[in-house]
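Colleague: Chain by chain, the residues:
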Amino acid sequence: MANNNEKLAISIKGMHKWYGDFHVLRDINIEVKKGEIIVVCGPSGSGKSTMIRCINRLEEHQQGQIIVDGIELTNDIKKIDEVRREVGMCFQHFNLFPHLTVLENCTLAPIWVRGIPKKEAEETAMHFLEKVKIPDQALKYPGQLSGGQQQRVAIARSLCMKPRTILFDEPTSALDPEMIKEVLDVMIELAEEGMTMICVTHEMGFARKVADRVIFMDAGQIVEENTPAEFFDNPQNERTQLFLSQILH
Amino acid sequence: MSIETKKYPVGMHPALPPPSGSVGPLRWMRDNLFSSVSNTVLTLLGLYLVYIIVPPFIQWAFIDSVVYGAESRKECLAIMGEDRGACWSFVYRRWGQFVYGFYPIEERWRVNVAFILTFITIAVVLVEKLRANKPVLIVGILLPVVSFFLITGNSLFGLVDVPTNKMGGVLLTLIVGLSGIFVSLPISIMLALSRISKLPIFSIIATIFIEFIRGVPLITLLFIASTLLSYFLPAGSNFDLLLRVLIMVTIFSAAYIAEVIRGGLAAIPTGQYEAADALGLSYWQSMRLIILPQALKISIPGIVGSFIGLFKDTTLVVIIGLLDPLGIGMAAISTTAWAGLSTELYVFIGLFFFIFCFSMSRYSLYLEKKLQTGHNN
Numbered sequence: 027m028a029n030n031n032e033k034l035a036i037s038i039k040g041m042h043k044w045y046g047d048f049h050v051l052r053d054i055n056i057e058v059k060k061g062e063i064i065v066v067c068g069p070s071g072s073g074k075s076t077m078i079r080c081i082n083r084l085e086e087h088q089q090g091q092i093i094v095d096g097i098e099l100t101n102d103i104k105k106i107d108e109v110r111r112e113v114g115m116c117f118q119h120f121n122l123f124p125h126l127t128v129l130e131n132c133t134l135a136p137i138w139v140r141g142i143p144k145k146e147a148e149e150t151a152m153h154f155l156e157k158v159k160i161p162d163q164a165l166k167y168p169g170q171l172s173g174g175q176q177q178r179v180a181i182a183r184s185l186c187m188k189p190r191t192i193l194f195d196e197p198t199s200a201l202d203p204e205m206i207k208e209v210l211d212v213m214i215e216l217a218e219e220g221m222t223m224i225c226v227t228h229e230m231g232f233a234r235k236v237a238d239r240v241i242f243m244d245a246g247q248i249v250e251e252n253t254p255a256e257f258f259d260n261p262q263n264e265r266t267q268l269f270l271s272q273i274l275h
Numbered sequence: 006m007s008i009e010t011k012k013y014p015v016g017m018h019p020a021l022p023p024p025s026g027s028v029g030p031l032r033w034m035r036d037n038l039f040s041s042v043s044n045t046v047l048t049l050l051g052l053y054l055v056y057i058i059v060p061p062f063i064q065w066a067f068i069d070s071v072v073y074g075a076e077s078r079k080e081c082l083a084i085m086g087e088d089r090g091a092c093w094s095f096v097y098r099r100w101g102q103f104v105y106g107f108y109p110i111e112e113r114w115r116v117n118v119a120f121i122l123t124f125i126t127i128a129v130v131l132v133e134k135l136r137a138n139k140p141v142l143i144v145g146i147l148l149p150v151v152s153f154f155l156i157t158g159n160s161l162f163g164l165v166d167v168p169t170n171k172m173g174g175v176l177l178t179l180i181v182g183l184s185g186i187f188v189s190l191p192i193s194i195m196l197a198l199s200r201i202s203k204l205p206i207f208s209i210i211a212t213i214f215i216e217f218i219r220g221v222p223l224i225t226l227l228f229i230a231s232t233l234l235s236y237f238l239p240a241g242s243n244f245d246l247l248l249r250v251l252i253m254v255t256i257f258s259a260a261y262i263a264e265v266i267r268g269g270l271a272a273i274p275t276g277q278y279e280a281a282d283a284l285g286l287s288y289w290q291s292m293r294l295i296i297l298p299q300a301l302k303i304s305i306p307g308i309v310g311s312f313i314g315l316f317k318d319t320t321l322v323v324i325i326g327l328l329d330p331l332g333i334g335m336a337a338i339s340t341t342a343w344a345g346l347s348t349e350l351y352v353f354i355g356l357f358f359f360i361f362c363f364s365m366s367r368y369s370l371y372l373e374k375k376l377q378t379g380h381n382n
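Top line first, the protein sequences correspond to chains A and B.
For any residue, its number in my numbering is found by taking its place in the first sequence, counting from 1, and adding 26.
For any residue, its number in my numbering is found by taking its place in the second sequence, counting from 1, and adding 5.
No lab work stands behind these hints, which were simulated from the structure alone.
The reader is advised that the hints may include incorrect statements.
Here are the simulated DSS-like cross-link-like pairs (lysine-lysine), alpha carbons at most 25 Å apart as the crow flies [to be verified]:
| # | chain 1 | residue 1 | chain 2 | residue 2 |
| --- | --- | --- | --- | --- |
| 1 | A | Lys-145 | B | Lys-134 |
| 2 | A | Lys-145 | B | Lys-203 |
| 3 | A | Lys-145 | A | Lys-33 |
| 4 | A | Lys-188 | A | Lys-166 |
| 5 | A | Lys-59 | A | Lys-33 |
| 6 | B | Lys-317 | A | Lys-144 |
| 7 | B | Lys-375 | A | Lys-166 |
Computed far set for chain B versus chain A, every beta-carbon distance over 10 Å [said to hold, decoys possible]:
| # | residue |
| --- | --- |
| 8 | Val-46 |
| 9 | Leu-82 |
| 10 | Asp-282 |
| 11 | Ala-283 |
| 12 | Gln-290 |
| 13 | Leu-294 |
| 14 | Thr-378 |
Even for Gly, the Cβ is constructed at its ideal location relative to N, Cα and C.
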């Protein structure tokens with residue numbers, strides 16, 4: 027049992043969440059092993075974003091259990107911060123800090139949260155900016171970059187904290203079609219290096235290529251969970267079939 | 006007639022100069038001063054107003070005026086022959102009082118040193134290159150403490166104690182204005198953060214405080230400071246009047262600035278808070294490093310507006326018997342020597358306040374431009 031827990035990056039059991047009276051997440055159960063790539067999809071309003079935002083406690087769950095890296099998320103701020111240090115997140119709208127340069131965006135958390143010396147943090151940041159292929163933009167401000175570049179900076183910013191898991195909340199939804207590929211390429215590279223990833227995305231090509239499992243959600247519930255091959259070629263649930271027929275044309 | 010075109014491959018088209026008449030000063034005048042009939046009329050009207058106001062003022066203030074040699078208004082008039090120019094002798098003779106109030110003449114050097122120290126502090130706080138140097142910054146921030154002891158004396162270092170009721174003029178304005186500005190900013194930030202805090206105890210206290218202070222005129226607060234407070238304080242306690250005034254002016258402007266900052270905080274997208282949280286920054290770290298720098302930047306015009314208001318409101322201390330430059334001047338024109346003067350006084354005081362307020366305004370514009378990082382949120 028203990029051994030099993032060690033292999034689990036994230037374990038969600040019987041999790042429920044309400045917004046006021048509205049029951050937004052209903053009985054969510056997910057286990058993510060270390061190094062697994064999970065893609066979460068589903069129609070808008072199905073609760074996918076809310077679900078992954080619960081994993082680093084940007085949203086609070088009211089019932090059930092969420093354990094990240096062996097730490098259970100409760101109201102304990104220390105534990106929340108501990109989880110957030112180990113779990114990176116990339117947002118739909120990047121949420122870079124506009125008053126800081128790209129490099130400062132990347133070094134801020136390592137310096138202040140991890141207490142890493144500035145010089146070392148900058149070296150790490152340049153390493154990851156090279157990885158996402160924009161080291162030459164390091165001294166610019168986010169407002170001077172294109173959407174795709176901003177999202178890649180956001181990924182580098184997460185990586186600089188050397189997280190064990192990264193959550194992606196629709197990372198390509200706000201991008202021009204021309205820029206989606208450059209972001210996906212970075213994500214694929216990360217996946218191949220063994221990062222644990224949970225991605226809310228509608229990029230089915232990405233899901234097919236790198237996902238270990240695809241989770242389909244509707245109306246706050248997990249409808250179907252399967253390997254990409256099974257999920258796309260042989261969907262079990264009617265709702266999944268309808269959804270796939272609509273997005274795959 | 007056909008329009009000539011020449012084909013270039015894409016990306017090879019040379020940058021051509023704009024057609025003549027679309028740039029240059031004449032074009033600028035046509036666009037900005039004479040773009041329509043009504044604008045032309047307004048431009049001419051403006052020029053006419055400048056013509057009827059500026060030359061006579063220059064004549065009065067500079068050409069026909071008397072600066073030296075007169076000991077009273079009568080002598081001024083005697084020199085001019087008739088009442089046609091400004092009698093700046095008044096300002097010249099009363100200069101010491103305008104600057105130092107009733108500070109003992111033999112001790113005025115202390116005020117001068119304090120002025121210089123304060124100037125250094127302001128330079129350190131405002132100029133980024135100086136501020137970036139830690140030791141310089143620390144010295145700059147500690148200098149006001151030195152100034153405080155220099156001005157009050159407090160019998161330290163063998164300095165004669167100078168009671169605050171001797172302080173007046175520009176010295177008083179700067180004491181009240183600058184300490185108000187420097188102390189009210191941090192207080193207002195705390196008030197704004199408290200007001201939007203999720204913890205009801207903080208938000209309720211901050212809201213009551215802000216709404217109470219904003220709902221009461223500054224004059225009322227100053228009266229409370231000068232009279233009412235003595236009833237509440239234990240008998241015989243000596244709570245300096247100037248200090249009481251300082252506290253009132255500071256909390257008054259803090260309440261206003263807090264609301265300006267709250268507006269700035271409200272303009273920060275929630276994504277910024279979330280990104281800071283997701284990176285594991287603590288509340289204070291995310292406020293200090295992420296939220297406040299952006300919120301304060303948005304609030305600069307409003308904050309500086311409040312500072313300017315505070316600086317000008319320092320003239321209200323006249324009402325409770327403290328003599329700022331305006332008070333000194335009004336006392337001076339009611340003496341027999343200078344009775345009958347008034348315009349000179351108000352022009353002089355106006356110029357004094359204008360120089361300070363205009364500088365603040367320009368600095369705020371400079372700061373806004375400097376902090377522009379190619380984004381609009």
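Colleague: Indicate, hint by hint, whether the structure satisfies it.
Modeller: How the hints compare with the structure:
no., hint, verdict
1, Lys-145/A with Lys-134/B, "21 Å, holds"
2, Lys-145/A with Lys-203/B, "37 Å, violated"
3, Lys-145/A with Lys-33/A, "34 Å, violated"
4, Lys-188/A with Lys-166/A, "23 Å, holds"
5, Lys-59/A with Lys-33/A, "6 Å, holds"
6, Lys-317/B with Lys-144/A, "44 Å, violated"
7, Lys-375/B with Lys-166/A, "14 Å, holds"
8, Val-46, "42 Å, holds"
9, Leu-82, "60 Å, holds"
10, Asp-282, "6 Å, violated"
11, Ala-283, "4 Å, violated"
12, Gln-290, "5 Å, violated"
13, Leu-294, "6 Å, violated"
14, Thr-378, "4 Å, violated"
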